[in-house]
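**Q** Residues per chain are reported as follows:
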Amino acid sequence: MRELRDKKVLVDKDGIRRALIRISHEILEKNKGTENLVLIGVRTRGVPLAKRIAANIEKIEGKKIPVGILDITLYRDDLSTIDQQPIVHKTEIDFDVTDKIVVLVDDVLYTGRTIRAAMDAIIDLGRPAAIQLAILVDRGHREFPIRADYVGKNVPTSRKEVIHVCLEETDGKDQVVLQEIIE
Amino acid sequence: MSRLKRKHLLGLADVSKEEISLILDTAEAMKEVFTRKVKKVPTLTGKTVVSFFFEPSTRTKASFDLAGKMLSANMLSLSGSSSSVAKGESLIDTGKTLEAMGADIIVIRHSAPGAPHLLARYVNASIINAGDGAHEHPTQALLDMFTIKEKKGRIEGLNVLIVGDILHSRVARSNIFGLKTMGANVRVVGPATLIPKDLKNLGVEVYYSLDEALKGADVVNILRIQRERQKKGLFPSIREYHRFYGMNERIISLLKDDVLILHPGPMNQGVEIDPIIALDDRAVIEEQVTNGVAVRMALFYLLAGRGNQNEKIN
Numbered sequence: 001m002r003e004l005r006d007k008k009v010l011v012d013k014d015g016i017r018r019a020l021i022r023i024s025h026e027i028l029e030k031n032k033g034t035e036n037l038v039l040i041g042v043r044t045r046g047v048p049l050a051k052r053i054a055a056n057i058e059k060i061e062g063k064k065i066p067v068g069i070l071d072i073t074l075y076r077d078d079l080s081t082i083d084q085q086p087i088v089h090k091t092e093i094d095f096d097v098t099d100k101i102v103v104l105v106d107d108v109l110y111t112g113r114t115i116r117a118a119m120d121a122i123i124d125l126g127r128p129a130a131i132q133l134a135i136l137v138d139r140g141h142r143e144f145p146i147r148a149d150y151v152g153k154n155v156p157t158s159r160k161e162v163i164h165v166c167l168e169e170t171d172g173k174d175q176v177v178l179q180e181i182i183e
Numbered sequence: 001m002s003r004l005k006r007k008h009l010l011g012l013a014d015v016s017k018e019e020i021s022l023i024l025d026t027a028e029a030m031k032e033v034f035t036r037k038v039k040k041v042p043t044l045t046g047k048t049v050v051s052f053f054f055e056p057s058t059r060t061k062a063s064f065d066l067a068g069k070m071l072s073a074n075m076l077s078l079s080g081s082s083s084s085v086a087k088g089e090s091l092i093d094t095g096k097t098l099e100a101m102g103a104d105i106i107v108i109r110h111s112a113p114g115a116p117h118l119l120a121r122y123v124n125a126s127i128i129n130a131g132d133g134a135h136e137h138p139t140q141a142l143l144d145m146f147t148i149k150e151k152k153g154r155i156e157g158l159n160v161l162i163v164g165d166i167l168h169s170r171v172a173r174s175n176i177f178g179l180k181t182m183g184a185n186v187r188v189v190g191p192a193t194l195i196p197k198d199l200k201n202l203g204v205e206v207y208y209s210l211d212e213a214l215k216g217a218d219v220v221n222i223l224r225i226q227r228e229r230q231k232k233g234l235f236p237s238i239r240e241y242h243r244f245y246g247m248n249e250r251i252i253s254l255l256k257d258d259v260l261i262l263h264p265g266p267m268n269q270g271v272e273i274d275p276i277i278a279l280d281d282r283a284v285i286e287e288q289v290t291n292g293v294a295v296r297m298a299l300f301y302l303l304a305g306r307g308n309q310n311e312k313i314n
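Residue numbers (full-length UniProt numbering), protein chains in the order written: chain U, 1 to 183; chain B, 1 to 314.
If you're looking for bench data, these hints aren't it; they were derived computationally from the structure. Being a predicted model, the structure only gives us computed values, none of them experimental. Don't be surprised by glycine CBs; every beta carbon is placed ideally from N, CA and C. Do not rely on the hints blindly, as some may be mistaken.
Stated by the list, open to error - Derived SDA-like pairs (lysine to any residue); straight-line CA-CA distance at most 25 Å:
#, chain 1, residue 1, chain 2, residue 2
1, B, Lys-31, U, Val-151
2, B, Lys-40, U, Phe-95
3, B, Lys-40, U, Glu-92
4, B, Lys-37, U, Ile-131
5, U, Lys-90, B, Val-289
6, U, Lys-90, B, Lys-152
7, B, Lys-37, U, Ile-123
8, B, Lys-40, U, Gly-126
9, U, Lys-30, U, Glu-180
10, U, Lys-59, U, Met-119
11, B, Lys-40, U, Thr-98
12, B, Lys-39, U, Pro-128
13, B, Lys-69, U, Lys-59
14, U, Lys-90, B, Glu-19
15, U, Lys-90, B, Asn-248
16, B, Lys-152, U, Ile-87
17, U, Lys-90, B, Thr-290
18, U, Lys-90, B, Leu-66
19, B, Lys-69, U, Asp-124
20, U, Lys-90, B, Lys-5
21, B, Lys-69, U, Leu-125
22, B, Lys-69, U, Arg-76
23, B, Lys-40, U, Ile-101
24, B, Lys-17, U, Ile-87
25, U, Lys-51, B, Thr-35
26, B, Lys-31, U, Ile-123
27, B, Lys-37, U, Asp-77
28, B, Lys-37, U, Asp-124
29, B, Lys-37, U, Gln-132
30, B, Lys-17, U, Gln-85
31, B, Lys-17, B, Gly-203
32, B, Lys-40, U, Asp-124
33, B, Lys-39, U, Asp-78
34, B, Lys-69, U, His-89
35, B, Lys-37, U, Met-119
36, B, Lys-17, U, Pro-86
Unchecked claim - Over 10 Å on every C-beta distance to chain U, these chain B residues come out as not near it, computed from the model:
#, residue
37, His-8
38, Ser-79
39, His-117
Could you build the full structure based on these sequences and the hints that come with them?
**A** Structure below.
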């Protein structure tokens, strides 16, 4: 088992809050309001992030937008090769995605495989008008031609590093930490 | 625990509480796929699942086939009479042939107890027991437990009564093992000739009076009277069985308001169950069928995805 060592706190609580407010404004600006807009958080940490963005948008525009929860486990392309078989959780999207502008929300964008799987999953649920991507941290090293529309922070990393996003809802505190793998 | 520790599912006698919980939790997520417009996910793309049924079956076979297809596996169905076993080839040789064709999982139903265990010793594919003689039927018990958990919110501490032919029932045996592991109080009731003598050793309460057994039962699981196994005259007549152990109108007043009524199907209406019970709001027989697909999807996922032991990061 590989160990991890904290190297540096990249973003603190206020930094995360500001980044999410900026992303919320950018989403509204790009889509000219909230019409047909839905947010879908990718489990696990994309979900609280999506809920926070939805709350920001409600404050700014005074309108509630639907938030769904997506589990991409069944869409992964690495079932035979991954090390720890992921636990399958429920997808909870109680609205139709057809003709909607879907903003996918996740914490870290890395190889792009998770987002590819998430797009496959959403397309199986209906035919959205568009899919956009909001990410708290983009760490590079893409293996697929995928880029985010909204990025909280770009962090060039080496493959020996790990980005650990901690959120109040899942980890008890808000911060983004750069960690180093000790071989 | 995020992985099944075993390669095969041959029975529930030695399956731990953690493993059963993992299967039931995974099945809950799988059931969500049913609510979608496109009832198919790509999880098992490239995997091959063979269902090999030596005994007739509608729901179990269809359930496994559908589960595999909903996960995008390549599904291959064989029956005993259409395979080379009918020409005298051994079960092991057939298993090896299927493996050479790339089978990752083999689902087998056989009239001989232990047939899946034998296959598991000689082939590398994962084996799922879909019923072996009167021995075990683990996936039926798992879907029964899933249904109980879904409806009652728990299994532990519930009084679960199994009614009927316990002696010949693989459904009953697997249910007893699984329910005991999950902490339920298991009761059985039936004619003395259809209850194995050593059953009390498994920690099961044995009743011979249906009226007595039904007192305080939270779940009633009614077994099918297997007419094909009743040639030995273990009870005087179907009519007498119906009178003493049939779930009929008279029984209704003895049932709890929130009782859950299960039946593995196919039902012999008018024998072990009357239409008035089968159609009662508390009967969830059709939902059991739906849940069966979800449980089998969960098993395919958990058995096919047995990767290596290292840890994944980011």
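**Q** Next step is simple, just say for each hint if it's right about the structure.
**A** Structure-based check of each hint:
no.	hint	result
1	Lys-31(B) <-> Val-151(U)	34 Å, violated
2	Lys-40(B) <-> Phe-95(U)	19 Å, holds
3	Lys-40(B) <-> Glu-92(U)	16 Å, holds
4	Lys-37(B) <-> Ile-131(U)	19 Å, holds
5	Lys-90(U) <-> Val-289(B)	20 Å, holds
6	Lys-90(U) <-> Lys-152(B)	19 Å, holds
7	Lys-37(B) <-> Ile-123(U)	11 Å, holds
8	Lys-40(B) <-> Gly-126(U)	13 Å, holds
9	Lys-30(U) <-> Glu-180(U)	36 Å, violated
10	Lys-59(U) <-> Met-119(U)	28 Å, violated
11	Lys-40(B) <-> Thr-98(U)	18 Å, holds
12	Lys-39(B) <-> Pro-128(U)	18 Å, holds
13	Lys-69(B) <-> Lys-59(U)	45 Å, violated
14	Lys-90(U) <-> Glu-19(B)	19 Å, holds
15	Lys-90(U) <-> Asn-248(B)	39 Å, violated
16	Lys-152(B) <-> Ile-87(U)	23 Å, holds
17	Lys-90(U) <-> Thr-290(B)	17 Å, holds
18	Lys-90(U) <-> Leu-66(B)	20 Å, holds
19	Lys-69(B) <-> Asp-124(U)	15 Å, holds
20	Lys-90(U) <-> Lys-5(B)	23 Å, holds
21	Lys-69(B) <-> Leu-125(U)	18 Å, holds
22	Lys-69(B) <-> Arg-76(U)	17 Å, holds
23	Lys-40(B) <-> Ile-101(U)	23 Å, holds
24	Lys-17(B) <-> Ile-87(U)	16 Å, holds
25	Lys-51(U) <-> Thr-35(B)	24 Å, holds
26	Lys-31(B) <-> Ile-123(U)	19 Å, holds
27	Lys-37(B) <-> Asp-77(U)	22 Å, holds
28	Lys-37(B) <-> Asp-124(U)	8 Å, holds
29	Lys-37(B) <-> Gln-132(U)	22 Å, holds
30	Lys-17(B) <-> Gln-85(U)	19 Å, holds
31	Lys-17(B) <-> Gly-203(B)	16 Å, holds
32	Lys-40(B) <-> Asp-124(U)	8 Å, holds
33	Lys-39(B) <-> Asp-78(U)	21 Å, holds
34	Lys-69(B) <-> His-89(U)	20 Å, holds
35	Lys-37(B) <-> Met-119(U)	16 Å, holds
36	Lys-17(B) <-> Pro-86(U)	19 Å, holds
37	His-8	16 Å, holds
38	Ser-79	29 Å, holds
39	His-117	25 Å, holds
Hints 1, 9, 10, 13 and 15 from the list above are not met by this structure, while the remaining hints are.
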